[in-house]
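Q: In case you want the letters, here they are:
Number of protein chains: 2
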Amino acid sequence: MSELPQPPEPALPAPDRALSVPDRALSVPDLPGRFAARTEGMTASEIRALFAVASRPEVVSLAGGMPNLAALPLDTLARQVAELVARDGQAALQYSSAQGVPVLREQITEVMAAEGIRGHADDVVVTVGSQMALDLVTRLFCDPGDVVLAEGPSYVGALGSFAAYQARVVHVAMDDDGLVPAALTAALDRLRTAGQRAKFLYTIPNFHNPAGVTLAVSRRAEILDICRRYDVLVIEDNPYGLLGFDGQTYPALRSMDPDNVIYLGSFSKTFASGLRVGWALAPPAVRDKLVLAAESATLCPPTFNQMMVSRYLAGHDWRGQVKSFREMYRERRDTMLSALATYLPSGCRWTRPDGGFYVWVTVPEGVDTKAMLPRAVSARVAYASGTGFYADGLGSRQLRLSYCYPTPGRITEGVRRLAGVLAAELDVLHTFGTPDRTTARLGSGTDSSARRGPQAPTPDTQ
Amino acid sequence: MSELPQPPEPALPAPDRALSVPDRALSVPDLPGRFAARTEGMTASEIRALFAVASRPEVVSLAGGMPNLAALPLDTLARQVAELVARDGQAALQYSSAQGVPVLREQITEVMAAEGIRGHADDVVVTVGSQMALDLVTRLFCDPGDVVLAEGPSYVGALGSFAAYQARVVHVAMDDDGLVPAALTAALDRLRTAGQRAKFLYTIPNFHNPAGVTLAVSRRAEILDICRRYDVLVIEDNPYGLLGFDGQTYPALRSMDPDNVIYLGSFSKTFASGLRVGWALAPPAVRDKLVLAAESATLCPPTFNQMMVSRYLAGHDWRGQVKSFREMYRERRDTMLSALATYLPSGCRWTRPDGGFYVWVTVPEGVDTKAMLPRAVSARVAYASGTGFYADGLGSRQLRLSYCYPTPGRITEGVRRLAGVLAAELDVLHTFGTPDRTTARLGSGTDSSARRGPQAPTPDTQ
Numbered sequence: 005m006s007e008l009p010q011p012p013e014p015a016l017p018a019p020d021r022a023l024s025v026p027d028r029a030l031s032v033p034d035l036p037g038r039f040a041a042r043t044e045g046m047t048a049s050e051i052r053a054l055f056a057v058a059s060r061p062e063v064v065s066l067a068g069g070m071p072n073l074a075a076l077p078l079d080t081l082a083r084q085v086a087e088l089v090a091r092d093g094q095a096a097l098q099y100s101s102a103q104g105v106p107v108l109r110e111q112i113t114e115v116m117a118a119e120g121i122r123g124h125a126d127d128v129v130v131t132v133g134s135q136m137a138l139d140l141v142t143r144l145f146c147d148p149g150d151v152v153l154a155e156g157p158s159y160v161g162a163l164g165s166f167a168a169y170q171a172r173v174v175h176v177a178m179d180d181d182g183l184v185p186a187a188l189t190a191a192l193d194r195l196r197t198a199g200q201r202a203k204f205l206y207t208i209p210n211f212h213n214p215a216g217v218t219l220a221v222s223r224r225a226e227i228l229d230i231c232r233r234y235d236v237l238v239i240e241d242n243p244y245g246l247l248g249f250d251g252q253t254y255p256a257l258r259s260m261d262p263d264n265v266i267y268l269g270s271f272s273k274t275f276a277s278g279l280r281v282g283w284a285l286a287p288p289a290v291r292d293k294l295v296l297a298a299e300s301a302t303l304c305p306p307t308f309n310q311m312m313v314s315r316y317l318a319g320h321d322w323r324g325q326v327k328s329f330r331e332m333y334r335e336r337r338d339t340m341l342s343a344l345a346t347y348l349p350s351g352c353r354w355t356r357p358d359g360g361f362y363v364w365v366t367v368p369e370g371v372d373t374k375a376m377l378p379r380a381v382s383a384r385v386a387y388a389s390g391t392g393f394y395a396d397g398l399g400s401r402q403l404r405l406s407y408c409y410p411t412p413g414r415i416t417e418g419v420r421r422l423a424g425v426l427a428a429e430l431d432v433l434h435t436f437g438t439p440d441r442t443t444a445r446l447g448s449g450t451d452s453s454a455r456r457g458p459q460a461p462t463p464d465t466q
Numbered sequence: 005m006s007e008l009p010q011p012p013e014p015a016l017p018a019p020d021r022a023l024s025v026p027d028r029a030l031s032v033p034d035l036p037g038r039f040a041a042r043t044e045g046m047t048a049s050e051i052r053a054l055f056a057v058a059s060r061p062e063v064v065s066l067a068g069g070m071p072n073l074a075a076l077p078l079d080t081l082a083r084q085v086a087e088l089v090a091r092d093g094q095a096a097l098q099y100s101s102a103q104g105v106p107v108l109r110e111q112i113t114e115v116m117a118a119e120g121i122r123g124h125a126d127d128v129v130v131t132v133g134s135q136m137a138l139d140l141v142t143r144l145f146c147d148p149g150d151v152v153l154a155e156g157p158s159y160v161g162a163l164g165s166f167a168a169y170q171a172r173v174v175h176v177a178m179d180d181d182g183l184v185p186a187a188l189t190a191a192l193d194r195l196r197t198a199g200q201r202a203k204f205l206y207t208i209p210n211f212h213n214p215a216g217v218t219l220a221v222s223r224r225a226e227i228l229d230i231c232r233r234y235d236v237l238v239i240e241d242n243p244y245g246l247l248g249f250d251g252q253t254y255p256a257l258r259s260m261d262p263d264n265v266i267y268l269g270s271f272s273k274t275f276a277s278g279l280r281v282g283w284a285l286a287p288p289a290v291r292d293k294l295v296l297a298a299e300s301a302t303l304c305p306p307t308f309n310q311m312m313v314s315r316y317l318a319g320h321d322w323r324g325q326v327k328s329f330r331e332m333y334r335e336r337r338d339t340m341l342s343a344l345a346t347y348l349p350s351g352c353r354w355t356r357p358d359g360g361f362y363v364w365v366t367v368p369e370g371v372d373t374k375a376m377l378p379r380a381v382s383a384r385v386a387y388a389s390g391t392g393f394y395a396d397g398l399g400s401r402q403l404r405l406s407y408c409y410p411t412p413g414r415i416t417e418g419v420r421r422l423a424g425v426l427a428a429e430l431d432v433l434h435t436f437g438t439p440d441r442t443t444a445r446l447g448s449g450t451d452s453s454a455r456r457g458p459q460a461p462t463p464d465t466q
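Those protein sequence lines, which keep their order, are chains A and B.
Heads up, this note's numbering is the position in the first sequence plus 4, with the first residue counted as 1.
Heads up, this note's numbering is the position in the second sequence plus 4, with the first residue counted as 1.
Don't read these hints as lab results, they were simulated from the structure.
C-beta: ideal position from N, C-alpha, C; glycine also.
Among these hints, one or two may not hold up.
Said to hold, decoys possible - Far from chain B, by Cβ distances over 10 angstroms, these chain A residues were calculated: (1) Q111; (2) G133; (3) L195; (4) Q200; (5) G251; (6) M312; (7) L317; (8) Q325; (9) R330; (10) M332; (11) P378; (12) R384; (13) T411; (14) D431; (15) L433; (16) T435.
Unchecked claim - FRET-style restraints, in silico, Cβ to Cβ: (17) Q200/B / R194/A: 36 to 42 angstroms; (18) E44/B / Q200/A: 32 to 38 angstroms; (19) A56/B / D180/A: 49 to 55 angstroms.
Using the sequences provided together with the hints, build the complete structure.
A: This is the structure in structure tokens:
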């Protein structure tokens, strides 16, 4: 009995060489020659290349953004997770919905309420970290060549997703109060004049990665209003919002304009990054497509991890735990700011974060942070050079320092070593003069035409 | 002290309306109007729409592909996972590499060795289920409009990923021995004549989803040779390979042509789907881009889940566990085949799987399985209609039955109910005559031009 559709032509007789390697197996096919065009934008991030180096124990890494999990209640978690397997293992180890487990989506709305968001669990889509939410939102909105606006500097993982979908990033300047409304308007006007339109504004309003600044509350309605006027969607990425060092929170952009903001949240910094549980809160029309995109990306986020987070939120004083994290990070922030003031040569400037993980440092003119990095690693300190946080090659006079993971003693030692490296660079500069700046920029792999774009910030020249 | 790049223009004075909703907040922006072109291909799968229905307890669902986890050793797992948190929690709950945890990648090479694969851990990329590997491989290779070859029928999740990247699917016919080499050659010749080239052949050689057939060993070298001759990469998806009911395994395509095959594997069917741990084994040039794509998709796969799988493989008789799964599924397969022979009306045909989860049923001419589904659900049985497994609208005379999840008693009862529904359909057909077939086809949402494509199989008309 033939049970399957018959082929249109009879099958060839089975050749007498089963298991043999095909004749041409010795030649290596040109697989990269078949890659899609989008792969051109997929290049190793500078930060990623650093991980191997930074993991060497003798190097003080101020480069990574790993949360410090030392304060986690492992005994409690061990008990909770064993109970989860024993009591709900059949469900926890099984497929679940692409949108996420309902009870966790409810709990996520409670987490978001701390920042003024009144969202419905139906509009929450659980993702494999908020990185996946970012990737999927870009997938939904960006055709190749589409423009997205992002702060300059911006989160390196966002730039990676934008590149993977061949979106063009236009950076918008920040100051100590975050995104500058006038700069946003100017960027949008320039795009309009050029006949282009931005698909969305990607912004990290609170305790910015990498800049360490927070969007002033007084600017928030204005930013939203500008985006409304220019018909631009807002992607609000808020992984650090509950890590304000004085316990302060800021009203989420989503809370102020629910219809025009897609909100991205994460448990990576408030609970455990290795579980990879994040989420998006989106207006229904977007949420529906987001679920479909999520389904084709991973079928569903890990059920086990969602139920583990759910148990943790329900059975542990998670707010108290976040408070412990905040206090630990505040101490490290204090240590870093103190060390910077003590050790860094004159002419350096840096932001003063009141939450989150990062300080953004501007070094004296003539120093190229990317070129300096190998010398820093030789001196046993690692940082993230600023160029990784721009899509247009800027940032060579900036670097990002993370105080989240190392101990206070290591932070002080790392800054001391960095200061020594900087002093040596400045000595060389004073002896031999400032290098030709144009050459230095091009030499760092920048696209010079992109740097003449409408809204490129000018950290190197101010 | 100004620590950040200054904006090119002075910031506007802070407006006196912080926290207010923007003026235009009452209007709802047209977010779908801004979607990327690829979202047109993102539509709810028929199978997904079934989940809600199939979960009602009175309905016997033969529709889903959920593994049956009843045999899992939950006590052992509870102990292992508690130990993981207590002893290695700091690492397990932390970010890790985008490529996957090294010890698990080593273990994965041992798992693959059972099917003759000699792979290196450096070439393994761990993903969030093999669905993510499939999504990323498509991302790497498919520009919009690119052709991919896939068996007809094919895995619905693969069709979803191909649609998300705007790839065009050309189906290649199968028979009881799997993919038909002559049909593959014919499809490639037609594409060549049309000046087109397929980016890759996507194939499930073992215990096919949904067809339940296995690619004959005698055909494997020939298929690989054809792909070499036509310069087509092979994507080998093998989630069920260890679930052969007699303990048999087949030589993986990857084992026979390592340079031209990307292999996708999964722990979803041999351990636990809710952990979402799958992998790709790829030639180095592809692997490098795959890691970059994975990084922008999720940063890293969940560390916790990888370490959990690793402990399970190291500390439990996982091969014995797979044997238990096989025996359970064999009993269910036997039950289903027996029930089909007992109850189904004459004129029905079906495949006889020797592994995996699925039987593919062809019903008598005139019956439309998609149109019949609501009546089946009314009769408290659910299946997956065949159209969901074709990108071109074929399959309306086929349906997929899953025996993996229900108990044998429920399987028998489900088939009995399905037989009743089919008998009623045939009664109506005999009374009122066969409906106009062209209308029926178009009525099921098919693209009639696509059905005239070069390699469309013809299940409705044979």
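Q: Hint by hint, note whether the structure agrees.
A: Evaluation of the provided hints:
The beta carbon of Q111/A sits about 18 angstroms from the closest Cβ of chain B, which is more than 10 angstroms, so the claim that it is off the interface holds. Separation of G133/A from chain B is inadequate, the least Cβ-Cβ distance of about 6 angstroms not exceeding the 10 angstroms criterion. Remark: the non-interface label on L195/A is consistent with the geometry, its nearest Cβ contact in chain B lying 14 angstroms away (cut-off 10 angstroms). With a least beta-carbon separation of about 13 angstroms from chain B, Q200/A lies farther than 10 angstroms from that chain, consistent with its non-interface assignment.
A cut-off of 10 angstroms between C-beta atoms confirms that G251/A is not in contact with chain B; the least separation is 19 angstroms. Separation of M312/A from chain B is inadequate, the least Cβ-Cβ distance of about 8 angstroms not exceeding the 10 angstroms criterion. The Cβ of L317/A sits about 15 angstroms from the closest Cβ of chain B, beyond the 10 angstroms cut-off, so the non-interface label holds. Listed as a non-interface residue, Q325/A keeps its Cβ farther than 10 angstroms from every Cβ of chain B; the least gap is roughly 13 angstroms.
Distance check for R330/A against chain B: the nearest CB is about 18 angstroms away, which clears 10 angstroms, and the non-interface claim stands. With 10 angstroms as the threshold on Cβ separation, the claim that M332/A sits away from chain B holds: the shortest Cβ distance comes to roughly 14 angstroms. Its beta-carbon lying about 22 angstroms from the closest one in chain B, P378/A satisfies the requirement of being farther than 10 angstroms from that chain. Residue-level check passed: R384/A sits 22 angstroms from the nearest beta carbon of chain B, beyond 10 angstroms.
With a least CB separation of 14 angstroms from chain B, T411/A remains clear of the 10 angstroms interface cut-off, as annotated. No beta-carbon of chain B comes within 10 angstroms of the beta-carbon of D431/A; the shortest separation is about 24 angstroms. With a least CB separation of 21 angstroms from chain B, L433/A remains clear of the 10 angstroms interface cut-off, as annotated. Against the 10 angstroms criterion, T435/A stays outside the reach of chain B, whose nearest CB is about 28 angstroms from its own CB.
Checked against the hint of 36 to 42 angstroms, the C-beta distance between Q200/B and R194/A comes to roughly 41 angstroms, which is consistent with it. Roughly 22 angstroms separates the CB atoms of E44/B and Q200/A, a value that falls outside the hinted 32 to 38 angstroms. Separation of A56/B from D180/A is about 50 angstroms and conforms to the stated range, judged on CB atoms against 49 to 55 angstroms.
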